[in-house]
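Chemist: Spelled out from the first residue to the last, the chains are:
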Amino acid sequence: MTAEAADLEVAKLSKFRDPRYRAIFYQIVVIALFILFVAYVSHNTAVNLEKRGIASGFGFLSQPSGFGIGIVLLMDYSSQTSTHLDVLIIGIINTLAVSISGIFFATLIGFIFGVLRLSKNWVVNKIAAVYIEVVRNIPLLVQLMFWYFAVLSVLPLVGDSISIGDNFFINNRGMNFPAIIPSDGFWLIPVALLVAIVASVMISKWASKRQDLTGQIFPVFWTSLGLIIILPVIASFIMGGPFTISYPEFGRFSINGGWSLEPEFLALLLGLAIYTGAFIAEIVRSGINSVSHGQTEAAHSLGIRGSFTMRLVILPQALRVIVPPLTSQYPNLTKNSSLATAIGYADITAIFAGTSLNQTGQAIEVILITMVFYLSISLLISMFMNWYNKRIALVER
Amino acid sequence: MKKASFIAVATAATFMATAATAATLDDVKAKGFIQCGVTTGLAGFAAPNNEGQWVGFDVDFCRAMSAAIFGDPDKVKYTPTTAKERFTALQSGEIDVLARNTTWTFSRDVNLGFEFVGVNYYDGQGFMVKKALGVKSAKELDGARVCVQSGTTTELNLADYFTANGMKYDSVVFDTADEVREAYLKDTCDVYTTDASGLYAQRSVVADPSAHIILPEIISKEPLGPLVRHGDNEWGDIARWTLNAMIEAEELNITSSNVDTLKAETENPSIQRILGTSGDLGQQLRLDNDWAYNIVKLVGNYGESFARNLGEGTDLNIARGLNQQWNKGGILYAPPLR
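Protein chains in written order, with our numbering: chain A, 19 to 415; chain B, 183 to 520.
The following block holds chain B by itself, in its conformation from the complex (with noise of 0.2 Å):
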């Protein structure tokens, strides 16, 4: 699987033709679905539910684009990757975009010659113990074995804060996150550590999620977001505006229960060029004028997807804290759409 990964980007960068690679989106077209990376499996983020299908908050950003370049949220096909193929799936050509809780850093942008499109998620790097162990603090844990997933940047700040604490452990590595709950739920390590929204997912799908807790502290900010190859900045554009149309739509309280009628009505500026009733946004797109509306209708705002995948009353119930609107006490904030 790696190894064929590896494979495929050496060949990708050896055979490529020297010549300028077409577009991005006009692939896409001619080829009628879009190939997305997704993870192996991560309850409410991207996972196959009981008929087979993919569902997830990070699969719902797939769709979304599917349905403003398509008109139809299903023309996609989904690539499951580990933490460690990912970049090269999508290095490769593998992959048109990778939507899998991927932490924004300078290097990944700048080094692996990556475009991250904006923020989806944000996050941090949190611990997971037993309650039988009587760990209250993370700066109890001196001495711990930590089960890590190979590839992440878990475990770089793993490093960087057990040394900032003069503290000692063994870490234990493994590829996909089911194995590192393996060996966590099988007593070979101490903690689970990664991305905390990583640890609800996880803690929702074992079999008593009541005798594990998931420590207060968080020790890393872990931006997470969609990414394209750098490069081809026009599929990059409709990436960012996916989102961003997202976002912006549940600032404007559009839904896809009140997309139609809103449509039909509304005498609101901002809420006619985002549906596409005034202005030319989808065509500078080189987009159906309806992109907006079809995400919106098909899919739903961003708060419709996150309420539906991990919000409250869902298995993971995790709060929108930073991933509020900015004007109701988060972080999330959309540049206008105009």
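Chain A on its own, in the form it takes in the complex (with noise of 0.2 Å):
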């Protein structure tokens, strides 16, 4: 036998000098090594809890809550009969509501202040960059605090609302209008808006087709207003005005009756959107300023006219650019409406990662829930964006 043949013959024998095997050996070291570990820490734990008489279980989440919540809805809450998982939907939907509208108010400013930020003219241009840059510096939760204390809690007292007509009022509680009180019959308005919505989006894919083949521009935009508005006013018409209205009057301490924003809500979809709006800006005036000046210049010699040429040769190109980026603020927003418990929004971090981790004790398991509620919202919004991301990429052909 040469030495060679030796040689191959000891490395058949042992496994681990292959690197095959040997990464695999490796990474299962590490995998059980970790499991180890969580199971010492998670049996610590409860050691720990279990020790200290502290107990542990979800079973929490099935007793009343006891404590009253000050912004409800959606849902019907009584501090007597409601429990801790009805908190935490409360605390969920609220934290919802002031999200979603917090991203569309923050899109809105960022899209039209990064616009803005890049126009020819000096003072439109100037208070945009004076917006941006005021705005991003200071610190949210400062914002909040100035929102909320230094704003909405210096209008008028109750008895001295402002008016608008005889049935808007703003004073320091918030806003008041009339709410609409929906009786017998009332579903056909919510149907005949989906079929407007429904219908307007089959005009929109229509009028595209028409306008590859003919070249003619029908006014998509207006038509679908038209029906969205039109439909269900019909629709109210058949059904005899299957609603009652229900308008703000003065009650002893506050207006009662129609319906509320509370200030609570206000300050915090204030700052949030006008904090992230100022990010949003900046990543929109990037992402149009990534688009060559040439696009422009080309639009503008085939004689495509100024709001055009930013509607359908700059912002497709630009939004390319624009989406990454946007897809970490919304997530951001979310997260940063956490920041509610310092004025007094009953939000999920405040209710019930506050006053049900307070009353229950349960530490562990309300931080866990509260924890995997954002996580989840996070991932949601970033899938969603991730979608929209591929859907405008440049296509390849």
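Because the hints were derived from the structure by calculation, they are not lab data. Here the structure is a predicted model, which is why all the values come from computation and not from measurement. Please note that the accuracy of each hint is not assured.
[Said to hold, decoys possible] Pair by pair, the computed Cβ-Cβ distance ranges are: (1) GLY177(A) with PRO391(B): 40 to 50 Å; (2) ASP209(B) with LEU398(A): 43 to 53 Å; (3) PRO391(B) with LEU175(A): 19 to 29 Å.
All residues carry an ideal CB built from backbone N, CA and C; glycine is no exception.
Put the two chains together into one complex; each comes in its own frame, and the hints tell you how they fit.
Modeler: And the structure:
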């Protein structure tokens, strides 16, 4: 046997000298150590909790909550019969309510100021610059305090509310306006709205096909707007006005009846939208700047008007640069909404990870649920934005 | 701040050795001071004075423990805690004792794993409103917006009271007492509710105290007292008997000014026992036999502490009421020290 052959023989015997097996071996070791670590940590936690007489488990979710919540949407809540699970759901609804409206307004503000930031008009340009620089460089918590304690709470008292018309009031307790209370037959109105929306989508598809074929432009926006307004109005006439209107009335302490927007919600919404809007404005500006000026010149030389150039030539290309960083702004806004606890808005952090935690003492469980909630929401937003990003991405043919 | 203490309790529960915990008294003696949890600032109970030193009724309890253990009332470090953080701070071992006008309830005693060592202030929840509203009774508060601090029994009592009386309210919940007061003063809400003592304390620091009235209704029992972690009974005993010694000293008319004379001259066996000239009460607690003498000499008895921080003549101007000795019409009743 030659020396080389002997070496080969040994290598065959010891699998450990094969890099493939060695890699698998090390991975198994790492995974085993990790599982051991997790097991050790959870066991230790359980033992220590038990030793200190701290009850654990998720049974507390079905216990009555016993405390009042300032802002309850879409649900019935009573401190006597509702449970900590209801508190969790209300917290989630409130967080989503402020996040979704926050994302909407932040995007609106961001796009407007991002475009204004590039304006050739010196005054407009500088106003946008000052807004962006001031807002981006002040901590959000301070801004929330500013909106809540310095702006909204110095509005007039309830008795001297600023009134717009007879039924719209602004005071330091928020905004009050007439409410629509559904009665029998109300269902047709949302159905009509849905039909209008579906019809608008179809019209827009048909219009773009027609434009491709004939080059004629159909006024999609105005047609859709008309449909969305007129169809529900017709539906309401058919059913003979299936709702009553509840007007705000002055009570002893505050305005009763009607709908109201609480100052806590308004302050949080303003704070989040204006803060995140500044970041989005910078993202939009960078996106537009990334589109070569030659594109604008080319569009102009073809005789395309200014607003069409922006909408049809610049923005679609800019979006490819805008969307990825925007994807991180939306979860940021959602997570920042947890600062609500500083200004008394009843979001999930304030009422569930705050009051419920304190009343039940189940710190680990409550924080776990809260973390899972924020994680899921952020991941959902990212998934949606990634899908959208793929849709608008440059398709190479 | 909050997140930090959540993490603290989680990590503490996670990584603490599963072996028996060392005795708190040994730990305290080894590090040379008591870590005492107090409020973030409530005039009369615990608040920093002009020189930045913590003073107040709850602070006196911490000082009394320090006097009993070290013979020096100043070996205390204070951790300001919000109502929400206080329990995690104690559970995680961040503080040794919590003296923070905390209501003794079943679930806190049993479910949260704490041991209340007694009651140092018998309180009840009340309502404060602006005089200009013209409200004379809590029964007239239907539809009001109520400012309240989160993580307190107050939130629960408030819900119970309004439901029981068939009234509606909107609650606005804040983390610290200062935020609640600010919102109340800015008229964001009509009513400020918390323990009556807290209302007196908050009223004493507003610009025009006479513009606010505290409604006559007291809607709950709020026995406030210091607490320690469950499971270290020796440490719990020291805290419990520090409080009892202060109350007993008042009952026996031992004050910081006459304690030296009494110690030298008294023939009264109760006084001799508490001041350590006879018996070995101190040693039984593993402390110096002068422990109670030090408390009275260096901090004062219960009545002196009350008068100095809360009583008539202070900004709070609270009458003794229930917090009077049992033989003078109150319900303060220390078990005998023997």
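Chemist: When you take the CB atoms of ASP209(B) and LEU398(A), is the distance between them in 43 to 53 Å?
Modeler: With a Cβ separation near 47 Å, ASP209(B) and LEU398(A) satisfy 43 to 53 Å, so the hint holds.
Chemist: So does GLY177(A) sit 40 to 50 Å from PRO391(B), Cβ to Cβ?
Modeler: 24 Å, violated
Chemist: Is 19 to 29 Å respected by the C-beta to C-beta distance linking PRO391(B) and LEU175(A)?
Modeler: Taking Cβ atoms as reference, PRO391(B) and LEU175(A) lie about 21 Å apart, which means the hint holds.
Of the numbered hints stated above, the single one contradicted by the structure is hint 1.
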